[in-house]
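Could you build the full structure based on these sequences and the hints that come with them?
Chains as they are written, first to last, in the numbering used here: chain S, 1 to 287; chain A, 1 to 340; chain G, 1 to 313.
Hints in this document: simulated from the structure, not taken from any laboratory.
All values derive from a computational prediction rather than experimental measurement.
Among the hints, erroneous ones may be present.
What the hints assert, rightly or not - If you want a taste of the chain G side facing chain A, the calculated C-beta under 10 Å gives, among others:
id: 1; residue: I208
id: 2; residue: R209
id: 3; residue: Y212
id: 4; residue: F215
id: 5; residue: A216
id: 6; residue: G220
id: 7; residue: L221
id: 8; residue: V226
id: 9; residue: V237
Said to hold, decoys possible - For lysine-lysine, the following PhoX-like pairs were computed, each having C-alpha atoms within a straight-line distance of at most 20 Å:
id: 10; chain 1: G; residue 1: K126; chain 2: A; residue 2: K64
id: 11; chain 1: G; residue 1: K61; chain 2: G; residue 2: K72
id: 12; chain 1: A; residue 1: K63; chain 2: G; residue 2: K126
For glycine and all other residues, C-beta sits at the position ideal for the given N, C-alpha and C.
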Amino acid sequence: MKRYYPQSEKTRRKHLLPAWAVTPTFILGVVIVVIALIMAIFPAQIAPYDPTVVDITARTKAPSAAHIFGTDNYGRDIFSRVVWGTRIDLSIGFFGVLVPLIIGSIIGLLAAWYGGWLDSLLMRISEIMMAFPFTILVIAIITILGTGTINLYIALWLVGWMSYARLVRAEVMTLKKSEFIEAARVAGFSDARILLRHVLPNVISSSIVFAASDMVMCMLTGASMSFLGLGVQPPTPEWGAILNEGRTYITYASWMTFFPGLVLAITGVGLSLLGDSMTDILRRKGR
Amino acid sequence: MIGVAERILEVKDLKTYFPGRDELVKAVDGVSFEVYKGETFGLVGESGCGKSQTCRSILGLLKKPGRVVDGQIILDGQDITHLKEKELRKLRGKKMSVIFQEPMTSLSPVLKIKKQLMEVFDDTPMTRAEKQQRAVELLRMVGIPSPELRMEEYTFQFSGGMRQRAMIAMALGARPKLLIADEPTTALDVTIQDQIMKLINSLKQELDMSIILVTHDLGVIAQMCDRVAVMYSGLIMEMCDVVTLFASPRHPYTYALMSSLPDPANKGARLNAIQGSPPNLAHLPEGCPFWPRCTECADICKRERPEMREIAPGHSVRCHCLDKTAAYRGIIEAPQGKEA
Amino acid sequence: MRRLNYILKRLLQMLPVLLVVTIMTFLMIHLIPGDPARIMAGEKARPDAVEAMRVKLGLDKPLWEQYWIYLKNLVTLDLGTSMKFSRPVAEMIGERLPVTIALTLFSTALGLLFALPLGYVAGLQKDQPTDHAIRISTLVAIAMPSFWVGLLLMILFSVTLHWLPAGGWDATSLFSEFKCLILPAFTQSLMTAAILIRDMRNSVVDIIRQDYVDFAKSKGLSAGAVRRRHIIRNSMVSTVTLLSMRMAALLGGSVIIETVFALPGIGKLTYDAISARDYTVVQSVVFLFALLVLVVNLLTDIIYSFLDPRVEF
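Written as structure tokens, this is what we have:
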């Protein structure tokens, strides 16, 4: 039915965000992510307490006006710990995806463009890596490297790039045969120019769409690893690590696990909503 | 030729609209015609003129958000315009069935041909073996060699022509009285096209059914049809028997279609393409939808939509300028009467 | 017969992958910084004990010979002895494997049970309120960390309502075992269901537009027959591929969920072994997970060859 609306098509292109894209879910996603970003950037201004200071007199207090999320077994304010944790978890989500996005896209681009041994190698490596469950691969790498935040990042990077490489590779493979790339080649443009000016802009959007949902996965994996004691180490206030500390007290101090998980889930929903809307926008614009 | 034949299908002032986000697409905007028992009725027009949507309206298979908003469809004496899906499905296959343009996409890729044939008899009290026997007979009827073996295969193992034959077998399995053939040969090679058309014609005789043949190919119309309706942007522009259509078309659009055909008597002559492009169905011009492309356009054409007028028994035309178009008589003899 | 050949071919194609996997798991021990013999013997072990450990583990031999021995042992299911638990690793895995397999199959089944009807309905009612509601629910289900959901369910159904056991394993009867699996399987099935629903929805949206669905209707088929034979049957083709990837993810997730619910499966064993720095066990379970994934993939290929006749044998 699209071809029946030539006039409205033109007006749509003018705006970065057309009116139809601003849906309630999109707004909710933006609001959640903006709040999370504010918490990540200004934790000191928002958190009422120091997240690591132990207060024996205020141990395992239920949520109250003074401690809206309650306190933990050391008397630390859970809300403050959650606020300070935002920075860490968002970073894991963001940088855990950004590095694989860049490296994986480049590898996929080169493998598909030049083919040959590079492409075979990529496909063999991905075949081997696909044989392991994602979580197990991350755990195995952390086992080798040792626990800790940096090693968690390295593990996420080592495992994450492959999806992007495969995604970009598949896109470039189809694009390679298209006429406008042929035309660019016939015109004698250099490989670098064709790749950067013509191929990359066309294949990167699917990578970015995937990255949006991958961020949530990455954040959850980071939190899971910290929950297992393999990632961010206490007393650093990471959401999964806070949850892990609270797990022992779950029967009588459930707030210690409830709130960090809730914030993690809400942040994840916000990112997903945003990612979903982005997918929608890119898909409709791409048509 | 028509005489007092019984009607198998009657379509009265059918309107099928597609409400869009901002606009209303009037795919079919007041179409009326009859199909008599034993005849082949042709619906011809450019793509997007609403001929397929007319067929889908009859079958009750409109794609969303399409809806029949007005009019009446009477099949074999029964008003089926507002039948519920449950009632309608009892008529499909048995009273009317369809073959689509693309046999590849119209057959399920993951089921054996046998299974897709046998499901025609879902409601018939027959044993599996009997259904299987019927499936073999049907495939033999449409000329598929060694049907017992071929029916164990999948669509992707069939050639284009074979797929179309299989689809015809499925459509005719329950002996419908009306077959709607929606561009049945457009996707096929020319040689195969001819075979399929001959097959449809012989099956029509054999099974004593009526056919609505939708096509944009006037050659096919000439070969197959008894009567023809020419459609343009959701309206029938001219309707008559096939001989009259070719001998003395009266609507400028029909005439333009005719003169865009290659003329065997004048090899090497340039083809006369119709100028302009079909209108946007959401923004139809006022008056006659064809006026922006019409060579005979008068002032009244831009203001008022012409009504269908019967100018001779069995020949109706929707045009204000019938006096001028009387000159079209005999275009077959003098095809280059107009310069593009 | 052709299908049997196909299965054998896929099996043969798996072998090189499996071989590389063994190299990787073998090298794992050597990649860990520090002297493996010292790590295995413990931080405070005397030098002679470390040397004894080195000989016992065969670490004094050249690397290729160690690998050869590792491979031979693997084939004879001799996975070494756990330092921490002082038991043969193969025996420990043998005890725990059924729990993880049961959990994974149960989670998969639950996931499918949710996904098929919901994905179908969402696809049929594209862009309508039901579709939006289902879409938002899947977003939430994907964003919720499984360990958190597990703990919440435990608080509700075990601590508060006392309906189900709060983790652990009660092997008195099949029913008691089943009860222990309900919460963990449900927790794990949420994300699987969410991912399958989205895939299923998109396939259904695509398939109901296809001519073959209209043509099936035009034959006069009942709504149920069109749904079963044409819409669901065709949308299963992509769902099955995704399902195998989800089963791999479920196996990996067992480390987290079995830890939360204290289930004696392979996942919990992985966690315990890593916490105890019992690398013989870690090495074996990592290999086992890869083996399980390859088996799942093989089974998927076989199922797929039945679902989609276009597969080239």
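Outcome of the hint check:
For G/I208, the interface hint holds, the least distance from its beta-carbon to any beta-carbon of chain A being 9 Å, beneath 10 Å. Among the interface hints, the one on G/R209 holds; its C-beta lies about 7 Å from the nearest C-beta in chain A, closer than the 10 Å criterion. A cut of 10 Å between beta carbons decides the hint on G/Y212: the least distance to chain A is about 5 Å, and the hint holds. Hint status for G/F215: holds, given a least beta-carbon distance of 4 Å to chain A, under 10 Å.
A cut of 10 Å between beta carbons decides the hint on G/A216: the least distance to chain A is about 7 Å, and the hint holds. The closest approach between the C-beta of G/G220 and any C-beta of chain A is roughly 3 Å, which is under the 10 Å cut-off, so the hint is satisfied. A cut of 10 Å between beta carbons decides the hint on G/L221: the least distance to chain A is about 6 Å, and the hint holds. Annotation: interface hint on G/V226 holds; nearest CB of chain A at approximately 9 Å, less than 10 Å.
Given the 10 Å rule on beta carbons, the hint for G/V237 holds: about 7 Å separates it from the nearest Cβ of chain A. Distance hint between G/K126 and A/K64 is fulfilled; the C-alpha atoms sit about 10 Å from each other, no more than 20 Å. A C-alpha spacing of about 15 Å is found between G/K61 and G/K72, which places the hinted pair at or below 20 Å, so the restraint holds. Restraint check: the Cα-Cα separation between A/K63 and G/K126 comes to about 13 Å, which is no more than 20 Å; the hinted pair holds.
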